[in-house]
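Make one complex out of these two single chains by using the hints.
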Amino acid sequence: MSNTIVTHVYKWIIDNVVENVKKDFSSMGVEESILQEFQRNWETKVINSKVANFQKFSVNEDYYAQPTYDQYPAAATQDIINQNNYQFAHFNDSQYSVPPAYPTVQTTKVEPIPNQINSQSSNIPQTDGTNDELTTEEIDKIIEKKILECNNEKEKEKGKEISQVDGEDDEEDEDLNYDDNINSDLDDDDDDDDDNDENDPEHLILCQYEKVTRIKNKWKCSLKDGIINVNGKDYLFQKATGDFEW
Amino acid sequence: MTQYELYRRSSVGMALTDTLDEMIQGSLIDPQLAMKILHQFDLSMAEALQKNVRCKAGFKGHLDTYRFCDDVWTFVVINPNFRFENESMVANKIKVVACAGKRANETEKE
Chain A
1 MSNTIVTHVY KWIIDNVVEN VKKDFSSMGV EESILQEFQR NWETKVINSK VANFQKFSVN
61 EDYYAQPTYD QYPAAATQDI INQNNYQFAH FNDSQYSVPP AYPTVQTTKV EPIPNQINSQ
121 SSNIPQTDGT NDELTTEEID KIIEKKILEC NNEKEKEKGK EISQVDGEDD EEDEDLNYDD
181 NINSDLDDDD DDDDDNDEND PEHLILCQYE KVTRIKNKWK CSLKDGIINV NGKDYLFQKA
241 TGDFEW
Chain B
1 MTQYELYRRS SVGMALTDTL DEMIQGSLID PQLAMKILHQ FDLSMAEALQ KNVRCKAGFK
61 GHLDTYRFCD DVWTFVVINP NFRFENESMV ANKIKVVACA GKRANETEKE
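Chains A and B, in that order, give the protein sequences.
When the count follows the UniProt record's numbering, it moves up by one through the first sequence with no breaks and lands on 246 for the last residue.
When the count follows the UniProt record's numbering, it moves up by one through the second sequence with no breaks and lands on 110 for the last residue.
In isolation and in its complexed conformation, chain B is listed as follows (with noise of 0.2 Å):
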């Protein structure tokens, strides 16, 4: 299975990571056991992605900025329009950041 570092950044990720700094800096564990607590989130959101969402969503929108380092793609669209099952949406601005997904690749770090 592949599974990036990348959610950490995501609203639950980061609520874990202020939740570990917080029981870090209280003494209550140590920063080994939080590498840990956060290798297991990278794993079980990896598994929560591709085992309990069947949603699809679609989005269009004005690219500004595409940028392609490290096998990571980083785009900026304006004015980004929203699709989702049943549910549309529009905001002034969104940055999407994608790892690769390919199978391929994960054969190539493996």
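The following block holds chain A by itself, in its conformation from the complex (with noise of 0.2 Å):
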């Protein structure tokens, strides 16, 4: 199956990465722990997305086993929590409006980098009940402040939905719907699949085309050196061909 492949294949990708650029990491004077972080993350981060069956993935298991930060001393763990409340500091009177998680969940975090590790804080949401470090009145202006977004937003959408009936209309127009000419509707389908382009984790497959032939309504398509991304899954292919009808 080529699904069982892409295990062996990325990990040759992200080896042969690293032995390659180890010498750009040394000619612009970036220390060599700094690389083995880059290949430490790149790696969880493919992990991450269970693209494929990455049991048997990294020969430096413990790597995940324990959490990085009893690698590094006291110190800089303690540098870590420090900076996390002093981002809690700024965050209460930030714009945003969620509160933050305990530093004590962040030190548990994988990733060793404290910008990385702040960066994500903002993005997690506190399961975990309210934060005891606010006052009520603070917890009072962060909720007013969410609802205000959210009326906002609203308004916002309603905005969209009065532009969107106006663009309805038009495709009603019976002209545009038998030709192919810009924005007519062949176009706007193109338009719309960009637009859904980096919100949708949406199917694909980045290949090369060897030939594309068509007669009448049937395409045939040689195809090579593929990625296919399909439900969730990553599969390779060296040749592969694609019939269609259009």
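No wet-lab data here; the hints were simulated from the structure.
Glycine is no exception: its CB is placed at the ideal position from the N, C-alpha and C atoms.
Any given hint might turn out to be false.
[What the hints assert, rightly or not] Output of the computed footprint for chain A on chain B, the stretches with three or more beta carbons under 8 Å from beta carbons of chain A: (1) 5-18; (2) 43-56; (3) 59-71.
[Claimed, not checked] Label pairs and their computed distance ranges (CB to CB): (4) B:Q32 <-> A:N217: 46 to 54 Å; (5) B:R54 <-> A:I215: 26 to 34 Å; (6) A:G232 <-> B:T2: 26 to 34 Å; (7) B:K56 <-> A:I143: 55 to 63 Å; (8) B:R8 <-> A:L148: 35 to 43 Å; (9) A:I215 <-> B:D30: 46 to 54 Å; (10) B:N92 <-> A:K211: 24 to 32 Å; (11) B:N79 <-> A:E19: 36 to 44 Å; (12) A:K22 <-> B:D18: 17 to 25 Å; (13) A:T213 <-> B:N79: 20 to 28 Å; (14) A:T4 <-> B:E5: 23 to 31 Å.
Right, dumping it as structure tokens:
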């Protein structure tokens, strides 16, 4: 199955990249530990993407078995915590209204970079009740801001709906339905796809074509060197054929 | 060897760009080094696909959209049916992005 080789091939790519950029790291005066951290973070992200079974992905299983803060001196860990507290102080005054999570939660994160942890903390929804460090007034302010934001968003959405209705009316025009010109139905479809590109976890094949032929409405494609991402899994192929009816 | 930036959109490529983004934000590496790493990824990916992958696949479906622009084919296929060597699979929709894989194009570019 072409899914089982994904683990091996991705591991090979990561190792190959790391091996080849070693000289770039040293020529730019970047420490080797940064390179190791880079590899660790990349591998972690690939494993978390769950596009294949990565159980035997890393030789250094220890990296994932124990939280990385154990590898750092106690002082460094303390720094991370301090920086997180500093982040909280900012947080309460800022426009973000999501209550911050506890520092203890963040110190168990796998990634050891303080900045990275901070950037993540803003995305972690708090699930363990309200933050005890906030006073009642502060909490009230946050709630008020949240309500205002919600209202604003609703109003924006209303505005969008109105403009979309205009667009749909245009499409009902018979002339546009039956030609392939710019701004016709075909073009609209394309545009919609592009808009969804970044948001949809869409199924995707990235590859190279050798030959694309068409006889009437039947299309035939010879493809090579491809990565298929479908239903959350990756598949690789050396050669593939695509037969479509338009 | 033909190498494309196309594969940066794959799962392993996105994992890489996310990692680099975070490390640039954390001032651990500078963007110049990140660009070098990405370029190396393009090379390594091309080599991996050409040397380490021997699988064949096929898929059929209803072609919803086709586009050929700047030597890149894009197809949107509805209800594709995949055949891998000992597995088959369906999906509701798949987008195919294909760059030119011919040797002729390679020489033209160089």
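Results for each hint:
no.	hint	verdict
1	5-18	holds (count 10)
2	43-56	holds (count 13)
3	59-71	holds (count 10)
4	B:Q32 <-> A:N217: 46 to 54 Å	holds (49 Å)
5	B:R54 <-> A:I215: 26 to 34 Å	holds (30 Å)
6	A:G232 <-> B:T2: 26 to 34 Å	holds (29 Å)
7	B:K56 <-> A:I143: 55 to 63 Å	holds (58 Å)
8	B:R8 <-> A:L148: 35 to 43 Å	holds (39 Å)
9	A:I215 <-> B:D30: 46 to 54 Å	holds (53 Å)
10	B:N92 <-> A:K211: 24 to 32 Å	holds (27 Å)
11	B:N79 <-> A:E19: 36 to 44 Å	holds (42 Å)
12	A:K22 <-> B:D18: 17 to 25 Å	holds (21 Å)
13	A:T213 <-> B:N79: 20 to 28 Å	holds (22 Å)
14	A:T4 <-> B:E5: 23 to 31 Å	holds (27 Å)
This entry satisfies every hint, going by the numbered hints stated previously.
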